[in-house]
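So you can see what is in the structure, the chains are spelled out below.
Number of protein chains: 2
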Amino acid sequence: MSGKAPELSLIGLTGLPEIRQGDDLGALIVEAASSLGLEFRPGDILVVTQKVVSKAEGRVIPLRDATPSPLARSWAVLLDKDPRLVELILREAKRIVRMDRGILIAETRHGFICANAGVDRSNLPDQDAAALLPLDPDGSAKAIRDRILALCGIEVAALISDTFGRPWREGLTNVAIGVSGLLPMKDYSAAVDDFGRRLQATIIAAADELAAAAELVMGKTERIPAVLIRGYQYEKGEGWTSMLLRPPEKDLFR
Amino acid sequence: MSGKAPELSLIGLTGLPEIRQGDDLGALIVEAASSLGLEFRPGDILVVTQKVVSKAEGRVIPLRDATPSPLARSWAVLLDKDPRLVELILREAKRIVRMDRGILIAETRHGFICANAGVDRSNLPDQDAAALLPLDPDGSAKAIRDRILALCGIEVAALISDTFGRPWREGLTNVAIGVSGLLPMKDYSAAVDDFGRRLQATIIAAADELAAAAELVMGKTERIPAVLIRGYQYEKGEGWTSMLLRPPEKDLFR
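Those sequence lines, one after another, are chains C and E.
Under my numbering, the residue at position 240 of the first sequence is numbered 240, and the numbers go up by one with no gaps.
Under my numbering, the residue at position 67 of the second sequence is numbered 1067, and the numbers go up by one with no gaps.
If you are wondering where the hints come from, they were derived from the structure by calculation, not from laboratory data.
A virtual CB, placed ideally from N, CA and C, is assigned to each residue, including glycine.
A few of these clues could be false.
Stated by the list, open to error - These stretches of chain E come out as covered by chain C in the derived footprint (C-beta under 8 angstroms, 3 or more residues):
id, segment
1, 1006 to 1013
2, 1134 to 1140
3, 1160 to 1170
4, 1231 to 1244
If we strip away everything but chain C, and leave its shape as in the complex, we get (with noise of 0.2 angstroms):
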């Protein structure tokens, strides 16, 4: 295109098959990109849907195995919901932030604040199943990092991706969950602008940028479940999603 802009691309790695417990992700991974006549180079970042990595791990539970509990069937009534999906969420969740008008936001166990503790039935084989947040999800962003060195002697960075809400503003934004091999957060707080002004407070949160980036050539369905990303200057570093969690004592919005 031109030599002097600074330029990014996302390519969506399309061609993996339905994925199941056991596989071997980041081979997979590594196949689909090579299918598509692509090589990882250094500085590339991975990012994968969470269903994905769930369902490798063995985190889609059929709901057979869920026996609600008195409390999931109380309050399977009031949020309208199938109890034992409730009962999924309530083993999931450590603190529940809201139930109100048949939503119900949870903290999970990691920290994260989004609906259902996570919990979610969508692109799964097993109609009568539920997926789970990955146990540890930035494990498995360097579990896959790990097999991309292993398998094609490059280190990348890698993102686990999923799809939350957010308060104020309608629709949903992908962000990320797992973090490995890059500083999820950009500091510019050093930093000065063209004026000679320091730039306060301006910390960005690029992992979640580009989880959000990502999402644009995901779509929805599981056809595209990992995207490359490439040209993002990052700064690299054993990077945890836990940095991208606000301390409660910092939140105003608990």
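For this one, chain C is given, so just place chain E on it according to the hints.
For chain E alone, coordinates are given in the frame of chain C:
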């Protein structure tokens, strides 16, 4: 790269001059693109930062023009801010959402909920001034779009972006505060997933994801105030930013 994989590219438009009140922003963007050897194509999306739009539209106010009211003076002490800046914030706000720990989160007259009602002092040549949000950011987006149509004969979509915080998660992300030429929401709720299940409640805030993606190319100074996004499949239409704002009766976090 590959003919089979969907690909999105984002190109930062460098080379724009420092923007002054009355500047023809659309024409300057066309000129910058042209210097980079870029030609607009139908379906391109242009993301422009709020700050240059505010500059062009005369929304940069010298602090000496903001005589603080008694309320602004008293809140300035509580918030540890310049009373003239607080005066401007109060003029821009239609509702105070939270005021605590030195943080003022307000709803602007447009309905955006953000820190300091969008009033911001970074990246201004006058160190003793503040930029307010454009009065009608959808109109600002439409004006840029119309200018590109007039100059190049090409219909693009345009977004105005700004950097907002959010509850629960640390770090800022770019969101869309002005939209023209595309529907800001991508609605998958009529779609079925790969297994025939209806994708419930899956409305993606595509305009916000596009703004977030553009930030990855912009960085935080003003050297790249506009980004061209190419390859995103969107629904054309007269979108309005108000579609991105949750109505009060649906918001559990007012």
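Hints violated by the structure (numbers, ascending): 2
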